[in-house]
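Engineer: Each chain is listed here by its residues.
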Amino acid sequence: MKKFVIIFVFVFTVNIFSQNKQVLYDFAGVPQTLLLNPGLETNLKFHVGLPFLAGFSLEIGSTGFSAADLFAADSRNINLKIRDVLATIDASDHLKINSQIEIFSVGYRFNEKTYISAGFYQELDAVGYLPKDILALASEGNAAYLNKSFSVSQVLYNVDFLGVLHAGITKEVNKKLTVGGRFKIYSSALHLESTNNSGTLTTALGANNVYIQYLNNVNAEFRTAGLTKIKKYREDSNTSISNVFLGENLGVGLDFGITFHISPQLQFSGSMIDVGFVNYTKDIKNTTTTGSFTFEGIELELDVPNRDYWNELESAFKAQVLTTDNQDSYVSWRPIKINAALKYSFGKKRSKYCYDNTFKEFYTDAFGAQLYTVSRPLKRQFAGTVFYEKSFSNKLHAKVTYTVDDHSYYNIGLGISAQVGKINFYGILDNIAELSDVSDANSASLQFGFNLLFN
Amino acid sequence: MKSSQRLSLILSAILFFSCASPLDFDQLNQYSPNQAVSVPFITFTINDTNFETPISPALVPSIFKKLDFKIFDGTFLKDRAVQLEFDFEIKNDINRHFTIEIILRAADFDDGNSLIDGREIHRIALNVKASSQDFTENVLITKAEVPDIVNFSRVDIKLTLQDDMIPIDSIDAGELKFKSGLTVYLKGAL
Chain Z
-1 MKKFVIIFVF VFTVNIFSQN KQVLYDFAGV PQTLLLNPGL ETNLKFHVGL PFLAGFSLEI
59 GSTGFSAADL FAADSRNINL KIRDVLATID ASDHLKINSQ IEIFSVGYRF NEKTYISAGF
119 YQELDAVGYL PKDILALASE GNAAYLNKSF SVSQVLYNVD FLGVLHAGIT KEVNKKLTVG
179 GRFKIYSSAL HLESTNNSGT LTTALGANNV YIQYLNNVNA EFRTAGLTKI KKYREDSNTS
239 ISNVFLGENL GVGLDFGITF HISPQLQFSG SMIDVGFVNY TKDIKNTTTT GSFTFEGIEL
299 ELDVPNRDYW NELESAFKAQ VLTTDNQDSY VSWRPIKINA ALKYSFGKKR SKYCYDNTFK
359 EFYTDAFGAQ LYTVSRPLKR QFAGTVFYEK SFSNKLHAKV TYTVDDHSYY NIGLGISAQV
419 GKINFYGILD NIAELSDVSD ANSASLQFGF NLLFN
Chain V
1128 MKSSQRLSLI LSAILFFSCA SPLDFDQLNQ YSPNQAVSVP FITFTINDTN FETPISPALV
1188 PSIFKKLDFK IFDGTFLKDR AVQLEFDFEI KNDINRHFTI EIILRAADFD DGNSLIDGRE
1248 IHRIALNVKA SSQDFTENVL ITKAEVPDIV NFSRVDIKLT LQDDMIPIDS IDAGELKFKS
1308 GLTVYLKGAL
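Sequence order for the protein chains is Z and V.
Positions -1 to 453 (the numbering used here) are the ones given, in order, by the first sequence.
Positions 1128 to 1317 (the numbering used here) are the ones given, in order, by the second sequence.
Honestly, the hints are just simulated from the structure, not real lab data.
It is possible that part of the hints are untrue.
[To be verified] Quick list of in silico lysine-lysine cross-link-like pairs, PhoX-like style, CA-CA up to 20 angstroms:
{"id": "1", "chain 1": "V", "residue 1": "K1197", "chain 2": "Z", "residue 2": "K316"}
{"id": "2", "chain 1": "Z", "residue 1": "K420", "chain 2": "Z", "residue 2": "K346"}
{"id": "3", "chain 1": "V", "residue 1": "K1314", "chain 2": "V", "residue 2": "K1205"}
{"id": "4", "chain 1": "Z", "residue 1": "K79", "chain 2": "V", "residue 2": "K1205"}
{"id": "5", "chain 1": "Z", "residue 1": "K146", "chain 2": "Z", "residue 2": "K130"}
None of these values were measured; they are calculated from a predicted model.
Same shape as in the complex, but just chain Z (with noise of 0.2 angstroms):
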């Protein structure tokens, strides 16, 4: 239960986080480039991805501290790390975990100017922010704190597991410009969210007594749709896996992408990817609590007998702070991610086959500059990054990445693409120059999956 608790309110103090793939983006003509760019260029005839492998991502990370600062294997009392980590961290840093696995994934060449592509993906999505404030609160108490506001907006997070049908299209306009578009229906098994929380907690030294204490205006929300079907396929693992694989509160989205050749070497892409919401209608509990209540103690009137002030304390913050439940449907929108890259090409040129059965130049290097941001409940967020594309033949080729973002300053990726008669695999690990010690780093991905290929 404590272990629960803590990982809780650590890692699961958690809004929608999407996660940044810099390397896959617009590599190698890899299939899965589609879902970050369904404008991108491609040159296949059509494609499958093996099913549950065709594309496999996940990332965690954390900003303000690692997992090693907390778990270390070492001699250190976990009170002092804790309170360590806690002196570190502020509002802003947060938790992070993306999980996707491609459950199938298609594409065919329709005509010599428009492909289409389809496929339905599982995501686990969820980003908390550290609530500084309750977190001191909660393992020190107030005492040390006197005339310190505690804030109760630091909650916030958002965590998603849902599956998302699409089906995509990609047309080249012209010789310089292929536009694209894709639709999604979303499919969420559980959502647990609270954001835009308001409200201070405070103890002074009072006037008319030794303490006071204060709830200003709190305005607190804590959503949930499909726990219920969740807790019983805990309860009962023979319960349908459907229940979570496909949840019965849908919504609809859309992702654009571009790209455009400013000259035969320079090239532009970018795309907005998931503009759309979940409608949650059916196994919902919402929790608001609302109010404010100012606290000095019990006051006793010496002149009034068998005064039952215990009661009117208790009925007094009911009526001043009133919590209550409901099943009223609501509407999350999801995190819309923008990507946007120029890349420069260069080196050698090569040819390789083309779907109409002609040879298309290509140059064996690239390299450029991309921009991400997704959405958050606190802030947008942002990262730039830099790369450099090799391809040592037209089956093998390479992808070097520097990023900069909340997470590290020093983020390198570096991933490959190779393809061995109709497969091609594709692998991914970021943060590099971490990996000399994962546990210490702030974030940690990879991403691979298998296609079979047709040209």
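Given chain Z, work out where chain V should sit, using these hints.
Structural biologist: Here is chain V on its own, set in the frame of chain Z:
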């Protein structure tokens, strides 16, 4: 060396030298935060007229009030409290000495016929001098000394004139303001 071989070598080196320091998540079982939670306690104001009967004035030597204070009703605080610290601040404008007793009791119980006072767990006695403007007292009660202290859920307050044969006259009149705070020290798992 061909470029692809160089790439393979680099990848192999990265993967070969990558590792993770051992992590021990079971440490959380030893996590035992020390918390101190302060809350306002009881306050009241009396004046000299409270010490005489209203109709045919006669001295009332002591005043007694009881109230519930069920801060330890749940198991969370009860299981973790290791020490209670009471802070008292009293301003006595009445020119008489008082004894103020704070009696911490277990909950009353019903024997079937009547409600019986809960047993006395601890008694704090404060001797407040006449016209004392800044009386303060800090009382620490540890669970080691009074294991039952976390079972108090009722508080009796008794004010007694130390010289209870002499009525308060108008020259000694005034009021007494009583303030108190309670800090509960906790230790143990969340």
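Engineer: All the hints need checking, so say for each whether the structure fits it.
Structural biologist: How the hints compare with the structure:
For a cut-off of 20 angstroms, the pair hint linking V:K1197 to Z:K316 stands: about 16 angstroms separates their Cα positions. For the given pair, Z:K420 sits about 25 angstroms from Z:K346 by alpha-carbon distance, which is inconsistent with the 20 angstroms threshold. The straight-line distance between the Cα atoms of V:K1314 and V:K1205 is roughly 11 angstroms, inside the 20 angstroms bound, and the hint therefore holds. Restraint check: the Cα-Cα separation between Z:K79 and V:K1205 comes to about 26 angstroms, which exceeds 20 angstroms; the hinted pair is violated.
Taking the CA atoms of Z:K146 and Z:K130, the gap is about 13 angstroms. The hint holds against a cut of 20 angstroms.
The earlier numbered hints that this structure contradicts are 2 and 4.
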